[in-house]
Amino acid sequence: MKNSMKILIMVLVLLAIPIVILAQTEEPKEKVITINAQQFSYTPGTVEVNRGDRVTIRLISTDVHHGLYIDGYEVSTDARPGQDGSLTFVANNTGKFVMRCSVTCGPFHPYMIGYLKVKPDYRLFGSIWLAVGIFIGSILLVIRRQKP
Amino acid sequence: MEKKQLMEIIAGILVLLATVGTIGAALLYDEHLWGGLRTIELTAQAPERGNWNIQEIHLVRGEPVRIKIRNIDTVSHGFAIPELGISLNGTGEIKPGNVGVIEFTPDKTGDFLFTCTTWCSTQHMQMTGRIIISEK
Amino acid sequence: MTEKILGLIPVDWRFELTSLPYVRKIIKSRWMPFLPIVLNLSVFTIILMAGFVGGVSAGNYNFGIMFVWIVWWLLLMMVMVPFFSRIWCMICPLPAFGEWLQRLGFMKVRNKLFGLNKKWPKALKNMWLVNFLFLGTTYTTGFLTTRPIATFILLMSIIIGSIVLMAVFEKRNFCKYIGCPVGGFLGLYSNMAVTEIRAKDPQICKDHKHKDCVIGNEKGHACPWMILPFDIGRNTYCGMCLECFKTCPYDNMAINLRPPATDLLVDKNRGLDEAWKAFIMLGIAIFFFLIMQGNMGFLKDWANAKTTEGYLTFVVLHSIFNLLLIPGVFFVFVYASRTLGNKEIPLKKLFTNFSYTLVPMGLIAWIAFSFGILFPNSSYVLHVISDPFAWGWDLFGTAHFPWTPFLTGVMPYFQIGTLLFGLVLSLDIGFKISKQTFQKRDEAVRGFIPIAAFLTAVTIFLIWLFTG
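Chains as they are written, first to last, in the working numbering: chain A, -6 to 141; chain B, 13 to 148; chain C, 3 to 470.
Read the hints as simulated data drawn from the structure, not as lab findings. Hints should not be assumed to be uniformly reliable.
[As the list claims (entries may be wrong)] Under the rule of at most 27 Å between Cα atoms (straight-line distance), these lysine-lysine pairs were calculated in the DSSO-like manner: (1) Lys221/C / Lys114/C; (2) Lys27/C / Lys15/B; (3) Lys30/C / Lys308/C; (4) Lys351/C / Lys270/C; (5) Lys80/B / Lys15/B; (6) Lys270/C / Lys16/B; (7) Lys114/C / Lys15/B; (8) Lys15/B / Lys30/C; (9) Lys16/B / Lys351/C; (10) Lys16/B / Lys110/C; (11) Lys16/B / Lys30/C; (12) Lys16/B / Lys127/C; (13) Lys202/C / Lys213/C; (14) Lys202/C / Lys15/B; (15) Lys15/B / Lys124/C.
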């Protein structure tokens, strides 16, 4: 019983080491990113920035009126052909945020989606760490119960 | 026995109400909502999907009219009669599945252009129609 | 010692909801479930009308699309199935016309049903047909969820199909085996539900030779779902029509509250058809996410049939992924489990039994997926209830309510939380099934490890896919 607890704690600590290494942050920068919107996707589909970056997104549309709304940051802009949109924010929240079209642009409008990834993604590391912890915990639990 | 038959009849009435009754109520409410004033219904779609329907509106000078613009498209549209200075309130946009309403009394006669005011497709510039206002 | 779900609630814990006198009175009335069906029928009349007048206009501003694919789907996955089992089947208006035709009346009891009353072939008394039907329906998801008329066509075909087929095949064969695309997963996922319909005291049923619930009497119909109400076992095929409450002369039926997922531990009528149902559901959750909430434009063009080749590629990949790839990967882990556990156990038995661990995983994956629709897109509902036919109405003053995503910042935490809870629950069920399948406890422990690894891997994959 005591041994398995010790093992569990050791495993969890070991698992945490790569997270700490991966979580190294870079110096904040000024980033300007151009996104092309066309029915029904953004190019690039994923925008990656680091925590603390000041991000400016320029939105260009080549077909119809499109928008861009970023989950979590709750900022948005829109663009028509020949009339670009832009928005600026400081990427303080980390993780993956969905960028979705905010102007109905056709049948697949609700599915017009891109991703903003603000690194390091503590949330992802943390939840994987928890899932692995649950796995190891459950194995230890069923082994421990074996010899009452 | 009697009671059972009564229940059956009530049940039948309820089923009728739920189906035919619902449809009838919707149509009656619509009638009630838009009754009174002369209403012209216009559906908006980008030119490649059917354009304005109808594309020619006939009005009479001095007679109040309501133009109801139903956007049955998948992109936003607008509506304006530039020469009469008539356009939609607010953002000037009708979102898909939404309806814009304009009420006015024509005070001059002539042949005017009405047009979509939102960049809705590459053929947006073709999305126009005519309003012909005549004397009584 | 009785087992406990999550180490908390004993598997055989029950609370009888129908022990409350007024609840029992309502359930036993012939107006139940007739009244909810009729209410629902009027909602579906509006849905059908909106789908018809909506044509190919924007789905996100259409009452039909919003009510079927957001309100109904979310209620189904997040509320009805996990909490109330197949309650949707109780109030579903789609086969109502077929059933009224069979009974030649709305509420009266008629033991000789109208129609050809053909039996359903024994070889097809399983979920395979419905598995393919549902998979087939998902090929058209790009249209169903975006074009109002497509939803209209789907619902109308189910209604017309049900009238025709219920005139041919007896009772609810249509709902059970033939025509309902969602019937299969409603059945399988209802194994997770915290409610059930069961006989109160099995001894009373045992002593009662006449079995009114199976053959019907003047108070109610013979079980339309063709199960044995005195021995239901699992929720899978109980459509909760409440007829057995009416027929039972001893008032021996009950609706119970119970711990979740207990049916998954009932080793009765398990089969590969249900295993594949579980694979298909998990696969579709992943594919739907990629189409609806993914960032790959080409996949959307495929599902939207921009080109025929693209659409066919989507159909083929989608089918291979669901029917072969997921079962294939799962098979590898089951093989490992057998190798570690006990090589004497038949592989098929192990494969079938362990596939039930994917039921909690799948349902939870769908709930997590649904959060990604609920938070960003539910504000559309406010528009469509005020102007259901896009005729310029404003019934509740919300017709001009703009699209407003809410709580999108915390949405991923909801998804991660549910997925991790799903992992805990499926690991718990997994070990119980392992103990059931392997004879010895140490075999069960060793055999459990690969399955647990698979479930953890799926959870991590889903967390990464949805939120990372």
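Is the straight-line distance between the alpha-carbon of Lys15/B and that of Lys30/C 27 Å or less?
-> 17 Å, holds
Do the alpha carbons of Lys80/B and Lys15/B lie within 27 Å of each other, as the hint requires?
-> Measuring from Cα to Cα gives roughly 50 Å; hence the hint is violated.
Regarding the pair Lys270/C and Lys16/B, is the alpha-carbon distance no greater than 27 Å?
-> Given pair Lys270/C, Lys16/B is violated - Cα atoms ~41 Å apart, limit 27 Å.
Do the alpha carbons of Lys202/C and Lys15/B lie within 27 Å of each other, as the hint requires?
-> Given that 27 Å is the threshold and the Cα spacing comes to 31 Å, the pair is violated.
Holds or violated: Lys16/B with Lys351/C, Cα cutoff 27 Å?
-> Violated, at roughly 51 Å.
Hinted pair Lys221/C and Lys114/C, Cα distance within 27 Å = Holds, because 14 Å separates the two Cα atoms, which is no more than 27 Å.
Satisfaction of hint between Lys110/C and Lys16/B, Cα-Cα up to 27 Å = 7 Å, holds
Taking only the CA atoms, is the gap from Lys16/B to Lys30/C under or equal to 27 Å?
-> It holds: about 16 Å lies between the C-alpha atoms, which stays within 27 Å.
Please work out if Lys16/B and Lys127/C have their alpha carbons no farther apart than 27 Å.
-> 36 Å, violated
Would you check the hint for Lys202/C and Lys213/C, treating anything up to 27 Å between C-alpha atoms as holding?
-> Since the Cα atoms of Lys202/C and Lys213/C sit roughly 15 Å apart, the hinted pair holds (cutoff 27 Å).
Restraint status (C-alpha distance of Lys114/C to Lys15/B at most 27 Å) | Measuring from Cα to Cα gives roughly 21 Å; hence the hint holds.
Straight-line alpha-carbon gap Lys27/C to Lys15/B, limit 27 Å | Holds, at roughly 18 Å.
Comparing the model with each earlier hint shows violations of hints 3, 5, 6, 9, 12, 14 and 15; every other hint is respected.
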